[in-house]
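K.L.:
Following the hints, complete the assembly by docking chain B onto the known chain A.
Chain order of the listed sequences is A and B. With our numbering applied, the first sequence corresponds to residues 1 to 63, in that order. With our numbering applied, the second sequence corresponds to residues 1001 to 1264, in that order.
Hints are computed from structural coordinates only; laboratory data are not their basis. These numbers were taken from a predicted model, which means no experiment stands behind them. Built from N, CA and C at the ideal position, the CB exists for glycine as well. Treat each hint with caution, since some may be false.
Across the chosen pairs, the derived CB separations fall in these ranges [claimed, not checked]: (1) B:Trp1106 / A:Gly51: 52 to 60 Å; (2) B:Val1146 / A:Ala36: 32 to 40 Å; (3) B:Tyr1143 / A:Ala14: 38 to 46 Å; (4) A:Ala36 / B:Asp1070: 42 to 50 Å; (5) B:Trp1109 / A:Leu42: 21 to 29 Å.
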Amino acid sequence: MPALPLGEAGLYVAAAFAVVAVLVLVYVAIIGSKIARIERDLGALTDSLEGHAGAGVPTRPTV
Amino acid sequence: MFGRGLVTLALITAAAVGLALGMVFLYAPLDADQGFVQKIFYLHVPLALVALAGFVAAGVMGALHLRSGDSAWDLRSYVAIHLSTILGVGVLVTGAIWARASWGHWWVWSEPTLVAFLIVFLLYAVYPMLRFSIEDPGRQGRYASVFAVAAGAFVPLNFAIVRSAESLTHPQVFSTTGSGMPAEMLATFLASMVAMALLYATLWKLELTAKHASEQLRRLRRRAERRAGESVAPRPGGGASAGSSRTGAPALSGTAYAAPRGGR
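Just chain B, with the same shape it has in the complex:
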């Protein structure tokens, strides 16, 4: 179910990433102020925006899980947060590289944009610990969804506050008056945004497919073990049939699986 269309999506993503890279290095003009270093902008900004959008989308999926009780939404929300956190590492590292090249510092603590993103990243870094500290699957999903909704609501709020703050050094790419970029730069940026969004969608779908396959395998194994258990259960007036282990636990060996359905 989850893997449907993955190959097509991956091919479209590969084409979009190739096109975006071509535009970044062959089409977009050099920035008059920053020079070649500004090329990092086409990677860093889409990465940050897609990661933040992924956090918000995870919140929406968490809300859908809480509303419907369908665990598939919880899985989707979990994978979106996982992927956005990984992209968040990329945002922090590429941002630090760009900062070092253009400001001379790896990190500026007085800069609200940087610190705000770090806060969001650290907030989501807590998510796996919260999720996997709960053993009961139902409670785990509900708590994780509540976290996803609350943190997802915090992201746009945080973004708006940072945008309204007076930034000292971090450039504001888009404002209410426009992007302030030449048409070639804007087209390249939009191509990079589309490529990054497609890359996110592909990786999200890939991980979701793997998780779904793993879950199906687990269910299949449980079912096989149950069938094995049924076939080795002591019959009225008789002992356990072949296939039971020394400890009495159902074993996945012997002729247990061959027992016909009506053999109980």
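Chain A with its partners taken away, still in its complex shape:
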């Protein structure tokens, strides 16, 4: 096949690069959302532990 004109070829090239860019961005976004969820869960766990520790451990009586 003869080489395509620049306008048409440009669309194919843009499509190929866009597909890979979207793949990478979606992948990073999914991993990012997982990390955000871990951070949230870790915060909740820390709050829970600190809350319980504060409620359950008797404070040292002041003299």
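P.N.:
This is chain B only, laid out in the frame that chain A set:
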């Protein structure tokens, strides 16, 4: 542990990708035969080679897991296969776009290179199903590693067979006699290869860090629940302390966490 150096690696990758893109569109000359469409080559070929190398590396990591029994190798192998499979989707789509632009067809079934890559891709598409169909973590890791080793050994074999086959339409970029490319094209291709390899390494490390953090959180939660369970366990001659749920299961509420270590 896994996240160390991730920011530096990401910055180097961003610079390498920027440089490679600049070289592809501003430095590399237009191909006399294919014209502007040939620019897809700088994306498609490194993507394919890095994905295949990732499959092979996953096989090596699987072998290290089987040899050492260290589950960290299994996790590394899993993440490498996961990432290579995603890149495989990119290889198939960019290849189809390039084929449509230069051959007039999205896919050519009689072309060994295309079909061979599809076979490898479909083989690895089975991996998650195999892995997650096994519940026992130890067995899951071992079976997944055996799969990774066997499939990883198949990849270079498949690659060699395809290279030795007489290709009808798919171009052979490198042969035993050289690349047959002008120096500018070769330099751009090598820059693209380095950028793609760095991108792979960054994404692999990113996912590994997330998986490791998730595992650590799970362990921490289990530990907290165990401590809570210990503190609510019935004491000799007494009932359960505060914090036990109605079902008798350890609850993560009440004063369970505050129990001192020696309170059992």
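K.L.:
Hint by hint, say whether it matches the structure.
P.N.:
Right, here's what the structure says about each hint:
1. Checked against the given bound of 52 to 60 Å, the beta carbons of Trp1106 of chain B and Gly51 of chain A, roughly 59 Å apart, stay inside it.
2. Range check, Val1146 of chain B to Ala36 of chain A: Cβ separation about 35 Å, and the 32 to 40 Å hint holds.
3. With their beta carbons about 42 Å apart, Tyr1143 of chain B and Ala14 of chain A fall inside the hinted range of 38 to 46 Å.
4. Range check, Ala36 of chain A to Asp1070 of chain B: Cβ separation about 29 Å, and the 42 to 50 Å hint is violated.
5. The hinted range of 21 to 29 Å is not satisfied by Trp1109 of chain B and Leu42 of chain A, whose Cβ atoms lie roughly 50 Å apart.
Going through the hint list in order, the structure does not satisfy hints 4, 5.
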